[in-house]
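Full structure from sequences and hints, please.
Just so you know, the sequences run in chain order W and X.
Residue numbering for the first sequence is 1 to 492, as defined by the numbering used here.
Residue numbering for the second sequence is 493 to 984, as defined by the numbering used here.
The set of hints was computed from the structure by calculation and includes no laboratory data.
Please note that the accuracy of each hint is not assured.
[Stated by the list, open to error] Derived DMTMM-like pairs: lysine to aspartate or glutamate, alpha-carbon spacing no greater than 25 Å straight-line:
no. : chain 1 : residue 1 : chain 2 : residue 2
1   : W       : K57       : X       : D545
2   : X       : K606      : W       : D142
3   : X       : K546      : W       : E79
4   : X       : K579      : W       : E104
5   : X       : K829      : W       : E214
6   : X       : K752      : W       : E312
7   : W       : K490      : W       : E10
8   : W       : K54       : X       : E538
9   : W       : K47       : X       : D594
10  : W       : K349      : X       : D634
11  : W       : K397      : W       : E313
12  : X       : K546      : W       : D53
13  : W       : K87       : X       : E609
14  : W       : K54       : X       : D545
15  : W       : K260      : X       : E804
16  : X       : K549      : W       : D53
17  : X       : K606      : W       : E79
18  : X       : K549      : W       : D319
19  : W       : K57       : X       : E714
20  : W       : K3        : X       : D634
21  : W       : K87       : X       : D602
22  : X       : K829      : W       : D100
23  : X       : K598      : W       : E10
24  : X       : K606      : W       : E112
25  : W       : K410      : W       : E385
26  : X       : K495      : W       : D142
27  : X       : K549      : W       : D339
28  : X       : K546      : W       : E51
29  : X       : K546      : W       : D447
30  : W       : K106      : X       : E575
31  : X       : K598      : W       : E58
32  : X       : K514      : W       : E214
33  : W       : K106      : X       : E706
34  : W       : K106      : X       : E609
35  : X       : K539      : W       : E46
36  : X       : K598      : W       : D254
37  : W       : K54       : X       : E706
38  : W       : K106      : X       : E714
39  : W       : K256      : W       : D142
40  : X       : K579      : W       : D100
Protein chains: 2
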Amino acid sequence: MSKNLTPRSEDYSKWYNELVIKADLAENSAVRGCMVIKPYGFAIWEKMQAELDKMFKETGHQNAYFPLFIPKSLFEAEEANAEGFAKECAVVTHYRLQNDPDNEGKLRVDPEAKLEEELIVRPTSEAIIWNTYRNWIQSYRDLPILINQWANVVRWEMRTRLFLRTAEFLWQEGHTAHATKEEAYEEAELMNNVYARFAEGFMAIPVIKGLKTESERFAGAEDTFCIEALMQDGKALQAGTSHFLGQNFAKAFDVKFTNKEGKQDYVWATSWGVSTRLMGALIMTHSDDKGLVLPPNLAPIQVVIVPIYRSEEQLEQIDVVAKGLIDELRGSGLSVKYDNRDTQRPGAKFAQYELQGVPVRLAIGPKDLENGTVELARRDTLTKEIIPFDAVVSKIKDLMDEIQTSMFDKALNFRDEHITEVDDFETFKTVLEEKTGFISAHWDGTDETEDRIKELTKATIRCIPIYTEAVPGNCVLTGNPSERRVLFAKAY
Amino acid sequence: MSKNLTPRSEDYSKWYNELVIKADLAENSAVRGCMVIKPYGFAIWEKMQAELDKMFKETGHQNAYFPLFIPKSLFEAEEANAEGFAKECAVVTHYRLQNDPDNEGKLRVDPEAKLEEELIVRPTSEAIIWNTYRNWIQSYRDLPILINQWANVVRWEMRTRLFLRTAEFLWQEGHTAHATKEEAYEEAELMNNVYARFAEGFMAIPVIKGLKTESERFAGAEDTFCIEALMQDGKALQAGTSHFLGQNFAKAFDVKFTNKEGKQDYVWATSWGVSTRLMGALIMTHSDDKGLVLPPNLAPIQVVIVPIYRSEEQLEQIDVVAKGLIDELRGSGLSVKYDNRDTQRPGAKFAQYELQGVPVRLAIGPKDLENGTVELARRDTLTKEIIPFDAVVSKIKDLMDEIQTSMFDKALNFRDEHITEVDDFETFKTVLEEKTGFISAHWDGTDETEDRIKELTKATIRCIPIYTEAVPGNCVLTGNPSERRVLFAKAY
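Here it is, written out as structure tokens:
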């Protein structure tokens with residue numbers, strides 16, 4: 001494989017696939033549609049996990065763990081949910097292998113070891129969790145239950161892409177139980193806001209918060225909150241969803257409680273999740289033709305130091321200077337790598353760290369030793385400057401915030417430039433194809449119109465942006481009355 | 493269910509099962525043999541994970557993630573390993589459900605959606621990982637690979653018990669690749685030592701390090717290091733294993749590299765793991781008839797404060813005092829819970845925190861306010877004392893270390909008192925039945941003798957304690973020459 005990435009302008013999809021592989025984030029495995037997340041990619045995911053986990057705990061949630069398998073009879077209990085996932089389920093039917101009598105040294109499924117009831121590998125855990133909650137909840141005193149789990153799930157997708165759509169993926173799924181509709185609705189909205197804060201504050205990805213239309217909702221939900229991001233190629237990406245499930249699962253699994261008035265009622269539910277798909281959002285929001293660009297908050301290595309030397313003696317002198325610097329930087333809580341490998345030339349190292357998105361690179365050579373300086377390169381802007389040695393640490397500390405903010409601002413400008421208000425369907429089609437991005441247009445609120453627009457343009461309603469003022473108008477397709485503009489886009 | 497636990501002396505196994513449920517650690521699920529780990533139990537597991545993860549990273553390992561599924565053809569490639577796990581495998585055969593035409597509202601497996609090749613839900617990941625490593629390794633420069641993953645695995649055990657033996661469990665599995673036999677062997681030993689340090693330093697569980705006999709080794713390993721702990725009922729529990737895999741997996745998956753001399757050789761391997769089984773070890777090492785006893789290092793709540801009051805006014809006064817204390821304790825890095833619920837009486841709260849093993853309980857009542865004191869109760873010793881208010885924080889800080897050490901010492905004494913040197917088989921049987929614990933006895937080194945002893949007594953060789961001097965003798969069963977004593981016990 002060539003060292004350089006295919007430019008984004010030439011083939012965005014190819015650029016993405018190459019970047020994921022070359023930056024050592026993930027690769028395809030021997031199992032159809034399942035990925036291997038490589039150490040560098042996993043280190044970024046771990047940083048996301050740590051921050052999200054902290055935010056969940058700060059909002060009162062606890063972690064727990066529920067089984068990987070869901071018996072078929074439980075899986076089918078909530079019909080809308082079951083129907084939504086039935087077509088992409090991995091099903092366990094047997095529990096034993098045996099030697100294949102026709103094939104020395106090979107194994108086959110033992111036909112005697114057929115399960116009485118098939119087990120579904122969880123595509124999402126509402127069924128098994130609500131079946132469990134039934135035994136945990138008797139009275140309003142047992143509520144709310146605020147639980148999250150970090151888990152793997154499986155959805156047998158036909159067309160897969162690393163991080164964006166894989167048969168197995170890693171995620172967290174929150175599952176909460178409440179005594180009142182209002183409380184559950186607030187929880188669903190709260191967690192969507194947590195996701196938005198995480199995406200914007202940590203991942204430097206601006207998102208639009210809103211509600212899904214009925215046809216785009218989670219199977220089994222009464223309302224789905226979402227955060228929608230815009231990728232560099234003008235396509236939208238759903239970065240997180242939070243569902244108000246009403247009493248659907250409580251009814252399917254008969255989860256009742258005695259309320260404060262002493263009456264029996266069904267419990268109210270939410271669920272919410274983000275997944276390793278966020279890695280795809282991260283890549284496609286910030287990266288460039290040289291590779292990954294990471295916001296400092298998520299970078300496994302925030303600063304890399306590369307010595308430039310001809311002789312061993314020069315390297316020893318640089319080592320001394322570098323080590324002092326590393327101690328100081330690490331002392332300030334930064335993660336620093338010193339790359340003094342002698343098997344690679346500085347140019348190759350520079351290219352590697354550009355590919356892997358390390359926010360700040362320092363180079364120290366013999367001239368720097370003479371002048372008391374270092375060369376500092378910023379990954380996001382690809383700018384370089386010479387800094388006096390004693391200003392380096394404070395400069396880098398400032399830069400961490402500056403880069404984080406600047407990456408967000410850049411993505412925000414791009415996103416805002418790519419929200420286009422459109423009032424007629426011809427313009428809708430032209431903008432969608434030529435300018436791309438979100439189209440803010442009126443919609444008459446019917447499934448039919450939504451489907452028809454999707455058929456004609458491949459654009460879907462990404463969200464109903466409920467946090468902006470609702471100004472009525474006329475549907476961009478039918479001309480029928482519309483309560484407010486919604487956001488259309490082609491999406492990942 | 494009664495509030496009190498069955499005493500250990502009456503029925504140890506029943507005591508264990510009740511404790512796991514009543515202390516809210518875990519419960520059985522609707523899926524045969526799979527458990528639900530409840531928030532309190534999971535919080536303890538998270539503390540274990542965090543510490544182990546730190547220790548793995550300090551020894552140079554990185555986390556990654558490999559697929560849940562293993563195609564059958566890969567699974568069977570390393571024959572010893574495949575044979576070891578074939579009889580307890582969950583097998584995915586289909587990837588879709590459909591509406592059941594004979595059963596309105598029900599689903600059935602879609603017979604059209606049969607996989608060409610069955611997928612095994614990983615019981616351990618050597619096969620999928622070594623199949624992946626083949627593409628990562630060309631030269632000695634690509635070595636070592638030092639990777640760990642946190643994952644769920646499935647082994648279809650017929651008789652299951654919460655934490656100790658479950659069909660699905662959580663674990664970490666390290667998988668490393670090396671250029672030389674020596675380096676791989678050292679890695680396997682190093683990680684066993686890491687496990688020992690973790691068990692003793694964090695879990696306060698004394699362990700014996702050693703090697704497994706051939707018949708007790710991991711399927712596919714050339715040597716298995718282990719740490720063995722002793723439970724209160726005199727049965728041993730294998731708390732962690734670290735395997736030197738030789739070149740077995742490299743040969744099965746054709747993983748070769750060019751060594752420094754320019755020659756092709758197969759790569760050397762290790763794997764090592766600990767699981768949620770450690771929760772069982774924790775419970776059965778320290779707990780008592782009142783419930784769980786947690787070492788401070790692993791306690792999700794280290795200090796609980798319970799106000800004792802008759803009037804609202806008293807509670808308000810206690811609140812003020814308690815809040816100052818909480819700030820100070822939290823400022824020292826301790827996790828503190830203030831339980832001022834008005835739905836429970838102090839006695840019920842005391843019982844709950846005893847059941848859940850909170851190391852230190854403070855009670856503050858009206859008299860304490862008058863006298864400037866608090867009542868401090870230690871969970872491990874069940875002792876109480878009155879402490880002047882201004883001495884509380886420093887007292888508790890000291891107590892955290894003291895309890896941790898004292899719990900370890902207590903378990904160590906018990907363990908050491910239950911290692912009995914035995915030189916004839918009659919005594920062997922008597923000690924095993926009456927005194928229980930480890931029996932240190934000579935063994936002639938043959939599978940036959942090992943099997944025979946197991947048949948006659950149910951005792952297995954828990955480990956060959958390689959870190960003590962080898963003194964020759966005569967086999968306790970056959971009288972044949974023996975190189976050294978080994979440790980026998982009945983085991984979980």
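Results of checking the hints against the structure:
1. K57/W to D545/X: 20 Å, holds
2. K606/X to D142/W: Not satisfied, since the Cα-Cα distance of roughly 43 Å exceeds 25 Å.
3. K546/X to E79/W: Violated, at roughly 44 Å.
4. K579/X to E104/W: Status holds; Cα separation ~17 Å.
5. K829/X to E214/W: 43 Å, violated
6. K752/X to E312/W: 23 Å, holds
7. K490/W to E10/W: 19 Å, holds
8. K54/W to E538/X: Since the Cα atoms of K54/W and E538/X sit roughly 13 Å apart, the hinted pair holds (cutoff 25 Å).
9. K47/W to D594/X: Violated, at roughly 49 Å.
10. K349/W to D634/X: 16 Å, holds
11. K397/W to E313/W: 30 Å, violated
12. K546/X to D53/W: Holds, at about 17 Å.
13. K87/W to E609/X: Status holds; Cα separation ~19 Å.
14. K54/W to D545/X: 17 Å, holds
15. K260/W to E804/X: 23 Å, holds
16. K549/X to D53/W: OK: K549/X and D53/W at ~20 Å, within 25 Å.
17. K606/X to E79/W: Holds, at about 23 Å.
18. K549/X to D319/W: Judged against 25 Å, a Cα distance of about 24 Å means the pair holds.
19. K57/W to E714/X: It is violated: about 44 Å lies between the C-alpha atoms, which goes past 25 Å.
20. K3/W to D634/X: 18 Å, holds
21. K87/W to D602/X: OK: K87/W and D602/X at ~9 Å, within 25 Å.
22. K829/X to D100/W: Violated, at about 58 Å.
23. K598/X to E10/W: Cα-Cα ~49 Å, so violated.
24. K606/X to E112/W: It holds: about 18 Å lies between the C-alpha atoms, which stays within 25 Å.
25. K410/W to E385/W: Distance of about 21 Å is within 25 Å: holds.
26. K495/X to D142/W: At roughly 18 Å apart (the allowed maximum being 25 Å), D142/W and K495/X satisfy the hint.
27. K549/X to D339/W: 18 Å, holds
28. K546/X to E51/W: Distance ~17 Å between K546/X and E51/W Cα, so the pair holds.
29. K546/X to D447/W: Violated. K546/X to D447/W sits at ~52 Å, over the 25 Å cutoff.
30. K106/W to E575/X: 10 Å, holds
31. K598/X to E58/W: Violated: K598/X and E58/W sit about 41 Å apart, past 25 Å.
32. K514/X to E214/W: 43 Å, violated
33. K106/W to E706/X: 24 Å, holds
34. K106/W to E609/X: Measuring from Cα to Cα gives roughly 13 Å; hence the hint holds.
35. K539/X to E46/W: With Cα atoms ~16 Å apart, K539/X and E46/W stay inside 25 Å; holds.
36. K598/X to D254/W: 18 Å, holds
37. K54/W to E706/X: 45 Å, violated
38. K106/W to E714/X: Holds. K106/W to E714/X sits at ~22 Å (cutoff 25 Å).
39. K256/W to D142/W: 11 Å, holds
40. K579/X to D100/W: Holds: K579/X and D100/W sit about 13 Å apart, inside 25 Å.
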